[in-house]
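Using the sequences and the accompanying hints, generate a full structural model.
Chains as they are written, first to last, in the working numbering: chain L, 1 to 567; chain Y, 1 to 253.
Simulated from the structure, these hints should not be mistaken for lab results.
There could be a bad hint or two in this list.
Going by beta-carbon spacing under 10 angstroms, a handful of chain Y positions derived as facing chain L [claimed, not checked]:
1. A19
2. K48
3. L54
4. G69
5. A75
6. A77
7. P83
8. Q85
9. Y89
10. V158
In silico EDC-like cross-links for lysine to aspartate or glutamate, where the CA-CA straight-line distance does not exceed 16 angstroms [said to hold, decoys possible]:
11. Y:K91 - L:D108
12. Y:K91 - L:E109
13. Y:K141 - Y:D167
14. Y:K141 - Y:D84
15. Y:K91 - L:E36
C-beta atoms are modelled at their ideal positions from N, C-alpha and C, and glycine is treated no differently.
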Amino acid sequence: MPSSAEATTVPLAGLSLLVRVKLRALANRVTVAITEAPVRFGATALCIGMVWIGLYFLFRAIFEYLKQSPLEAAVAIPMVFSFFFAALLVMLTISNAILAYMSLFLADEAPYLLAAPVPPRAYVALKYLETLVFSSWSLVLLGLPLMLAMADLSDEPWFYYPLFLAFFLGFVPIPGAIGLVVAWGAARFLTRRLRRRLIIGASITAALVIIVFVQSVRVDELHPNLWLNNMLFRLNFIQSAILPSSWVSHGVEHALQYRINESLGYLAVTIANALFLSMIAVLFVSSRLPVAFDRAASMRSGDARPTRPPAGGVAGLVFAYLPRNLRLIAAKDLRTFLRDPLQWTQLVILFGLMGLYLINVPRFSSTLSPLEGWGMIIPYLNFGAISFILATFTSRFVFPLVSLEGHQMWLIGMVPLTPGRLLLAKFAFAMTVSVSVAVSTTILAAVMLKMPLGWAALQAVVMFAVCAGLCGLAVGIGARMPMFEERNAARIANGLGGTINLVVSVVLVLAMLCGMGLMGIRNVRRGFEFPVDAGSLLIGGLVATLGVTVGAVALLIGARHLRHREV
Amino acid sequence: MQPAIDLQSVQKRYGEKIAVHDLTLTIPPGELFAFLGPNGAGKTTTIKMICGLLHPLRGTVDVCGHRMGVNGLAAKARIAYVPDQPFLYDKLTGREFLHFVAEMYRVDRTTRDARVADLAARLDMGDFLDKLTQSYSHGMKQKVVLAAALLHDPDVLVIDEPMVGLDPRTVRMVKDLFRQRTHAGKTVFMSTHTLEIAEAVADRIGIIHLGRLIALGNLDELRARAKTQHSLEDIFLQLTNPLVGDVGDAIER
Chain L
1 MPSSAEATTV
11 PLAGLSLLVR
21 VKLRALANRV
31 TVAITEAPVR
41 FGATALCIGM
51 VWIGLYFLFR
61 AIFEYLKQSP
71 LEAAVAIPMV
81 FSFFFAALLV
91 MLTISNAILA
101 YMSLFLADEA
111 PYLLAAPVPP
121 RAYVALKYLE
131 TLVFSSWSLV
141 LLGLPLMLAM
151 ADLSDEPWFY
161 YPLFLAFFLG
171 FVPIPGAIGL
181 VVAWGAARFL
191 TRRLRRRLII
201 GASITAALVI
211 IVFVQSVRVD
221 ELHPNLWLNN
231 MLFRLNFIQS
241 AILPSSWVSH
251 GVEHALQYRI
261 NESLGYLAVT
271 IANALFLSMI
281 AVLFVSSRLP
291 VAFDRAASMR
301 SGDARPTRPP
311 AGGVAGLVFA
321 YLPRNLRLIA
331 AKDLRTFLRD
341 PLQWTQLVIL
351 FGLMGLYLIN
361 VPRFSSTLSP
371 LEGWGMIIPY
381 LNFGAISFIL
391 ATFTSRFVFP
401 LVSLEGHQMW
411 LIGMVPLTPG
421 RLLLAKFAFA
431 MTVSVSVAVS
441 TTILAAVMLK
451 MPLGWAALQA
461 VVMFAVCAGL
471 CGLAVGIGAR
481 MPMFEERNAA
491 RIANGLGGTI
501 NLVVSVVLVL
511 AMLCGMGLMG
521 IRNVRRGFEF
531 PVDAGSLLIG
541 GLVATLGVTV
551 GAVALLIGAR
561 HLRHREV
Chain Y
1 MQPAIDLQSV
11 QKRYGEKIAV
21 HDLTLTIPPG
31 ELFAFLGPNG
41 AGKTTTIKMI
51 CGLLHPLRGT
61 VDVCGHRMGV
71 NGLAAKARIA
81 YVPDQPFLYD
91 KLTGREFLHF
101 VAEMYRVDRT
111 TRDARVADLA
121 ARLDMGDFLD
131 KLTQSYSHGM
141 KQKVVLAAAL
151 LHDPDVLVID
161 EPMVGLDPRT
171 VRMVKDLFRQ
181 RTHAGKTVFM
191 STHTLEIAEA
201 VADRIGIIHL
211 GRLIALGNLD
221 ELRARAKTQH
231 SLEDIFLQLT
241 NPLVGDVGDA
251 IER
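Below, the structure is given as structure tokens:
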């Protein structure tokens, strides 16, 4: 063992140095964004601003609606706060755990810093701060419009604003600290196989709990007042005094009601717990980091998978309809997709939430006549939601497919396959995934709304065309504006080409929704009980043709560009 | 004399697979050691254990008298590690990165500036050092990472594939740099597949195969063991021949 004198001569890089270098990198990033891509920077800022303003008006509308009935508002508004912060507690814990695991154990920076004389405590504290910032920006995006909307409709005291912000900042580290310990535990104890089983088991359990809960608070059989009482009783647990979310919601309520002492008391409880949990989490994880890092790295090194024929297994079966050379590429892309949890989990979460919502749809449909406007609007909104979710999926995961072949382009370029057929393989992969989730969700929506067969089939066909349009756009623009030198799919999707693809995809969805809306307006008076008429068929056919044509043109442009490009 | 690197009966497993098996290796100060082996032989795992990134299941790893896992920070302060995939913060310039590293190892500003200027000239980095590293080629990144590793004048330089991506002039410069360091009493532990470079500059060579150290010594000793007077390439191919059923047989041959 070295002497204590020797130990003190060890040069140590402190947290302040690590934070400074991160801030320098951030400043450089902003400077580059402003000077090299001012349009993209401005468009991003504009989009964030629009989302923020949209959320403000949404929250304002909710509070205005609730305030129309003062008695209900007295019960419901605190419940809205409790719900909001309880949901944030769960979501932030999960997102912090994922981000902390990735930055502590998977980032390229990790081995570099851990091989240097950086104390584990400084390293863990840095990563903890990073995950707090990365996971909590959404809190600011959601929380500030909530605060302002609430304040606009109340006779709020001046100290409401600083207190609300203080509650936010005090609350964020609590899920962050829990997430940090969860990430450490996953690295330290879970093998890859065990982790996969745990994720699947937890997802199924969570889905079942949500389904059971949703079913238990259905409005169908009960009087609305009984239903409301029943639901409030079941949701009472989220106001439990032991939950950090309830400290914040109670504190904010007290601030709104001019009870500053009570509000400050809750704030002190929140901040004290946040600081205590942060300290415990950082000390605990840093003292056990080397072993956890070793386990995580060893697990990656020992990850061997059984080999399959290039176009064999499930991936090969799924694309059995393709010629062999296209099947090889599509099967390879499907395997890559299925082996990257980041990709398939986002798709499962987005469409899973959509599915859970749809299971709950009969609650509305049973109380609404198809002859009423809502009877036409709900399927239309469902269709729009599915289309927009699909647009985000294709922009994030399908668009980078061609660029990601950059380092293998010499290989792809040498095989006896024209660029057009290469893009066709990418398109086939994207269509297979998109159609399987989007069209099946559309059919589920139609079934839950008890739509007549003709209308359901028409929606399914148009959704198929939406898939074709979005997938064609993502693959075609991806080939027209590739980033072959970039290996990070997220950066490819966030680049200029990815942004253009997202904008064009949204425009296409809006155009197709306009067509569907036209059909809906035409039929509001007629209702679903009438069979699909020639006019509706014509509009549906035109909308579907638009989607397919846009997708095909984008593919042609992409293939032409790829053909003339030197690898 | 206290060894620069001392591994005693080190074993490392990845699940069922034994990545490094009972490895004992002592490298004195002032030696340029070349660590060779086929892909997946255990070279990078050994390097990561020397740098304290991985922990041996059994055995001990000491660097300059400091035991990894017990006094790891003191050991890490004496090492510089250059991985096969150079890491740089892509939104920093090369110079900003070097300044960060210098501060991490508490190199004072005057020394830092002098060393950065010297390394920039020797590694021909002047043209790109003030650009963001995101625009660098692999060779440029390798140069900056190498300069960062030398900035605090480490007692032990551990380097994985040092010459990949470097142009011939820089390769020559790096070889000279390594020799200068060993003459000054510093140790260079180099893992490489470029056998000509190992043959040209290494004082001693170790060959690892299937997690076992199957040969250790200078070039003449390896020739004697392999019973051949041919090049290092021939010796390497003979000792790591996949057709040889048992590693022990290879050593005997």
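Violated hints - listed by number, lowest first
Those not satisfied: there are none.
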